[in-house]
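A.B. asks: For reference, the chains in residue letters:
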Amino acid sequence: MLLTLLAVSFIVFAAFEIIPGDAAVSRLGSNATKETVEALRVQMGLDKPFIVRYLNWLSGFVKGDFGTSISYNLPVSSMILEKLPITVTLTILSMIMTIGISIPLSLLIAKYAGSKFDRISYGTNQFVMAVPSFFLGIMMSWFFGMVLKLFRPGGYISYKKDFGGFLGYLILPAIAIAIPKCAMSIKLLRSAILTEAGKDYVRTAYSRGLSTMEVLYRHVLKNAMIPLITFWGMAVADMIAGSIVIEQVFNIPGLGRILLTSIANRDYPVVEAVIILIAFVVLIMNLVVDILYRVVDPRLRKD
Amino acid sequence: MKKWFKKHQNFNFITGAAITGILLFTVFVSIFATPYDTTAMSVADKFAKPSFTHWMGCDNYGRDILSRVMEGMGNTFLIAVLTVLIGTVFGVIVGSLCGYFGGLLDDILMRINDVLFSFPSILLALVIISLLGTGRLNVTLALGIAFIPSFARIVRSEVKKQCSLDYVKSAALMGAGHIRIIFVHILPNIMPVLLSSVMIGFNNAVLAEAGLSYLGIGVQPPAASLGRMLSEAQSYLFTAPWYAIFPGIVIVLTVLGFALLAEGTTEEN
Amino acid sequence: MLLSVEDFGIEFHDHDKPERVVEGVSFTLDKGEILGIVGESGSGKSMTALAIAGLLPRKKLKKEGRILFEGEDVLTMERHKLRTLQGDEICMIFQEPMTALNPTMKIGTQVEEALRIHHTQMNDAARKERAIKWLENVELDDPERVYESYPHQLSGGMRQRVMIAAAMVGGPQLLIADEATTALDVTVQAQIIKLLQKINKESAVAILFISHDLSLIRQISHNVLVMQNGHLVEKGAVDDIFDHPKQEYTKKLISAIPKVEL
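Protein chains in written order, with numbering that gives the first Met the number 0: chain A, 0 to 302; chain B, 0 to 268; chain C, 0 to 261.
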């Protein structure tokens with residue numbers, strides 16, 4: 000895993016090295032003198048060969064020094080650290096919603112498989128999956144904000160000032176991210192539950208006098224969740240990506256906002272750091288997925 | 000049960016085909032003519048409500064939303080098709096080579112591929128756009144590249160599966176070259192799987208393009224794009240909610256149509 | 000009399016034409032009796048067993064006649080009432096021990112489950128004690144370790160023993176064994192048969208033993224039913240059936256047994 004992270008960091012660093020444009024020039028503006036540019040280049044270490052710069056950058060990373068933002072002239076690490084809790088909270092909230100809603104709903108739908116209720120929810124699901132989360136977000140901020148007046152669009156509250164208010168503001172964005180994922184989860188989970196429900200151990204459970212709901216909840220659910228673990232693991236990465244867009248919809252100054260402004264300003268140290276961070280999260284999630292598999296499925300555990 | 004199932008899958012396919020057909024027809028028409036000039040502004044029609052003259056109303060410059068939606072659809076379709084094309088072509092090449100030959104090359108490429116695959120494609124596209132710059136061509140390129148890993152992964156595992164089958168061995172025995180085996184013998188057999196992932200990929204491309212354009216790094220104005228219309232509409236949600244609703248619905252319908260088509264075809268196989 | 004099946008029949012309605020799989024089956028089962036049902040696959044013996052255990056699907060299926068368990072009709076009983084019988088009074092073990100246990104649940108939890116549902120007043124320690132006792136009764140080595148194991152860590156024979164323990168833990172009146180030894184190899188088969196006989200003697204549980212294997216049926220049963228194409232062909236005491244078969248079909252079945260002394 001460390002090796003993969005190393006490879007990713009190298010690719011990212013190399014990619015941003017290839018693009019034309021001199022960081023020193025872009026920082027000082029095009030009318031700076033040659034000498035000042037040269038001095039800054041030395042100060043930024045741009046005069047050294049590529050490999051040396053990569054190693055310097057990497058060792059800084061390990062120490063938690065992500066370099067200095069070109070446009071804000073601030074340490075990248077502190078910029079990111081300040082915004083990180085926002086995106087993390089948003090992702091966790093949407094994940095909780097996705098899992099919390101999709102499990103009971105899929106159990107219910109699977110219980111009535113083949114009925115009218117099943118078909119209606121199938122149709123609804125197909126429809127919901129087609130709705131991009133940012134459109135959903137816009138519609139929600141219109142409906143809750145302007146029609147019902149329950150919510151003030153753009154009225155973001157900093158988590159430092161009022162954590163409760165901050166959470167309250169994040170609920171709608173989290174729903175907007177969660178709903179399409181939820182629909183996908185329900186679709187996968189429903190079919191996994193139905194596959195499991197046809198297995199022999201389910202009949203055994205019925206023969207012990209359990210009710211349908213008890214059988215589904217105690218026996219089927221855990222087995223049916225095994226194929227969903229990978230999906231949920233990848234959903235975390237997707238949600239972080241989705242939050243970039245949703246942060247824009249709801250005007251939340253999170254990680255996505257930094258990434259977008261840095262891309263617009265060609266502030267590469269920031270872009271690089273955010274990408275490596277997300278790659279790190281992706282790899283961690285892969286690891287978590289592996290561990291979860293072992294927790295849920297005893298057959299994969301080594302004795 | 001079986002009967003009901005059969006009815007159900009046809010329903011999926013027919014609905015999907017109908018929605019997609021209507022949308023494609025509209026796009027086709029928009030190549031030749033739109034009800035109004037897509038860039039013609041008119042102060043008098045600013046925020047005109049949907050009516051018989053302007054079916055979807057007008058935007059903040061008094062431009063006809065229907066015409067702009069039609070043009071935006073065209074752009075979205077074009078970008079999505081090209082994206083999927085890039086993704087499929089390179090995905091098939093990388094995937095089939097890796098799956099067929101295996102070995103060190105496969106190990107290395109698939110390692111990288113796995114990381115890229117678990118990286119959300121919209122993010123990957125964002126990174127590539129930050130390298131290439133914005134614009135329609137760059138967005139297409141970025142999305143296309145971002146879509147390669149998922150196609151490569153699918154193709155590789157399918158090719159691997161096919162390689163263990165007897166017909167591949169007998170083709171090799173008969174003296175067919177590697178390239179011939181891959182493209183003449185194996186590829187036709189993985190078509191059904193590839194087809195459904197192309198349709199799903201198309202949907203992801205539509206959604207990603209809309210998302211990028213919404214962020215302002217996709218299609219640049221004055222050209223119309225569904226995502227960008229949504230981001231502009233957001234400022235006028237209170238005065239003109241229809242400005243956001245119609246482009247959004249068109250995105251939803253596009254994705255829905257293809258999702259149903261994909262569902263219908265996979266069930267048939 | 001524990002169980003009385005009266006003119007029982009099943010008709011499937013999941014295709015265009017209704018299909019009769021069981022028709023006019025009547026028999027009785029006393030407390031502590033071992034009744035063997037023998038027949039080829041498709042003879043309706045498993046369907047009858049599932050009906051007695053209350054495990055037939057309720058849709059797309061027409062049931063006729065009565066199945067009286069201690070005087071009450073299992074077929075028309077309300078579901079929540081039926082559930083109080085299932086796992087407590089009527090238990091069942093199945094053909095495939097490999098798949099009949101939940102792969103992600105510990106053996107102990109599965110053995111205890113019937114107690115958890117039907118004997119809610121029992122505390123955890125008492126439940127565990129009872130479960131361990133039954134794992135011991137089914138002659139599993141190291142019951143404490145088995146209690147903490149998962150199904151994949153056990154062999155097929157061990158799993159079938161676990162199934163028996165899980166069925167017997169609630170102290171049922173009737174144990175239905177549907178081809179319970181078919182998937183096991185011959186030596187394990189013989190052990191399971193002995194085990195079932197022992198349990199029958201010690202716990203006085205009636206056993207409905209269903210198999211296509213006549214030599215097993217002969218070994219274990221007190222009385223035998225012979226079924227063919229959903230009909231009851233012949234019934235009687237085990238020696239009568241095997242020594243003096245009345246029906247042609249029974250004779251044919253018996254003559255097909257390989258002559259090996261057990």
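No lab work stands behind these hints: they were computed from the structure. Worth double-checking, as some hints may not be accurate.
Claimed, not checked - With a Cα cut of at most 20 Å, we get these calculated EDC-like pairs of lysine to aspartate or glutamate:
(1) C:K105 / C:D140
(2) C:K61 / C:E95
(3) C:K61 / C:D15
(4) C:K80 / A:D289
(5) A:K221 / C:D15
(6) C:K234 / C:D212
(7) C:K30 / C:D72
(8) C:K58 / A:D117
(9) C:K59 / A:E213
(10) C:K200 / C:D87
(11) C:K105 / C:D72
(12) C:K193 / C:D238
(13) C:K58 / C:E88
(14) A:K110 / A:E37
(15) C:K58 / C:E22
(16) A:K198 / C:E95
(17) A:K110 / C:E39
(18) C:K200 / C:E135
(19) B:K159 / B:D106
(20) C:K30 / C:E95
(21) C:K105 / A:D296
(22) C:K197 / C:E147
(23) C:K200 / C:D184
(24) C:K62 / C:E135
(25) C:K251 / C:E39
(26) A:K198 / C:E138
(27) C:K197 / C:E39
(28) C:K200 / C:E138
(29) C:K105 / A:D199
(30) C:K59 / C:E95
(31) A:K115 / C:D13
(32) C:K105 / A:D117
Fair warning: this is a prediction, and the values are worked out from it, not measured in the lab.
A.B. asks: Are there hints from earlier that the structure breaks, and if so, what are their numbers?
C.D. replies: Violated hints (numbers, rising): 2, 4, 5, 9, 11, 13, 14, 17, 20, 22, 23, 24, 26, 27, 30 and 32; every other hint is consistent with the structure.
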